[in-house]
Amino acid sequence: MQELFQLLVSGIATGGIFASLALALVLIYNAMGLVNFAQGEMAMFATFIAYALIQRGMSYWIAFPVTLVLAFAGGILVQRVVIRPVERAPILTLVIITLGLATLVNGLAGFLFGYVPRSFPSPFSAQTVDLLGVFISYRDLGVIAVSGVVLLVLYLLLQRTTVGLTLRAAAFHPEASRLLGVQVSWMLALGWGLASAVGAVSGIMVAPILLLEPNMMQTIIIYAFAAAVLGGIESPLGAVVGGLIVGVTINLAGAYIPHVGGDLQLAVGLAIIILALLLKPNGLFGRAAVRRV
Amino acid sequence: MSSLLELEGVRAGYGPTSVLHGVSLSVPDGGVVSLLGANGAGKTTTLRAITGGVRWTGEIRLGGRSLRGKPTEDIVRAGVAHVPEGRGILTELTVDENLRLGSHLRRDGADVKKDYDRVFEYFPVLKERRRLSASTLSGGEQQMLALARAFLMKPRLMLLDEPSLGLAPMVVRSIFEIIRAINQTSKVAVLLVEQNARIALELSSDAYVLEVGRVAVHGDSTELKNNESVRRSYLGY
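Residue numbers (my numbering), protein chains in the order written: chain B, 1 to 293; chain F, 294 to 530.
To be clear, the hints were calculated from the coordinates, so they are not data collected in a lab. A virtual CB, placed ideally from N, CA and C, is assigned to each residue, including glycine. All the given hints hold, so there is nothing to weed out.
Interface residues of chain F toward chain B, partial, derived using beta-carbon atoms under 10 Å:
no., residue
1, Asp367
2, Gly381
3, Met446
Next comes chain B alone, as it looks inside the complex (with noise of 0.2 Å):
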């Protein structure tokens, strides 16, 4: 029972960081009904920024912030520069320059940091607290805290903020909003920029548990897919509980199910992808397509 329970909020740690880059996804898909490839490369660019400012000697809690402004300002960037000229190609040709993108931001992350991989500092003790008869690490508890934070902040802008009210609008009826005098183009820019610092944090947290290279995110990605698809692709509280469906299922796999701890987790979350998409294609909290005929 007690492993049970510590395996739990060790998963709900794991599920947070899949929540915060899910999110990410979700933010764009419904901006534009696109997947972004790049976001996890994008939140991996970010790390390395992040890494890069501690090492100069900025303390953690402020080079955390930092990140996630620079990140920010850089979704910003990448939609205005990169996505902006293409926004009304076909959906096909936009996946393909978010992939092509993913492969320009990991070859300049190798370019600009080697591929050696290096340890990320976390700010969370390694030790464990004893919580009615459960151990659980400070480092978990900690990341659990930081993505609530995070995902509460962006709940509350997205929903209490007229700035969130237009981002909104703007992503469901374009046409509509400029009518309104919403600038739309401008919404996609800041949704790209909002997606980009909650998939920084994905990355910070991660981390410190998986060693900092350009390819760490390739495998959370997997996962966060799987989380986005899982809650219903345009759900960003699907994403939510997608996320930590996800992350204490493939801890309590590891655990329970002999020869998957490891090396194949990423095969559940694989599996959690097309099970959900023959059980429940709109996902738990997506809503029904409909399509006129």
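Could you slot chain F onto chain B? The hints should help.
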């Protein structure tokens, strides 16, 4: 009265299909003008040209300034509230959020509050349903929401695309009463596109009848209403 909106020889279309073949019309400051005509005559396209939703040539001026090359957002910000065909309600959002999208650019907080009070006086049902999703509203209520939202934009000019479409006669009556009230108390000019010529002519002072992309008839609303041959050949009642 000076002209708030002027169109001169406006041609427009979609891709290779041209829909407007040189439309000229003007809307006086604070006035109500009807734009009538059969389906496909180019009424909706005219409105879309004004707010930059379709490419056009010729000249369109708002308050004496050309709208050439301006993006929709800037035209809207210059004081044009366009209630499009289909009403442009954001059904994923609540009634309140739709209204807030109307007032989100305004910086005159105290007046905004007064205008919300006015809106809920005009349309009490919107106050009751404020927290509900806009998708739960009936067609008439959605039209009310669209009109309320346009009013909250505090425009100089409202472009209304068939506010009567698909609504019961009684609902149409009350909506037109409120359009009249908004025009008279807030001095908002209105360019009204309608298929229902009878009710449009009651409201407007001036009217244009479009026929396949050209102005076929222009005149005083009362005159058009009383001119039997115009009524028969163009207005269909």
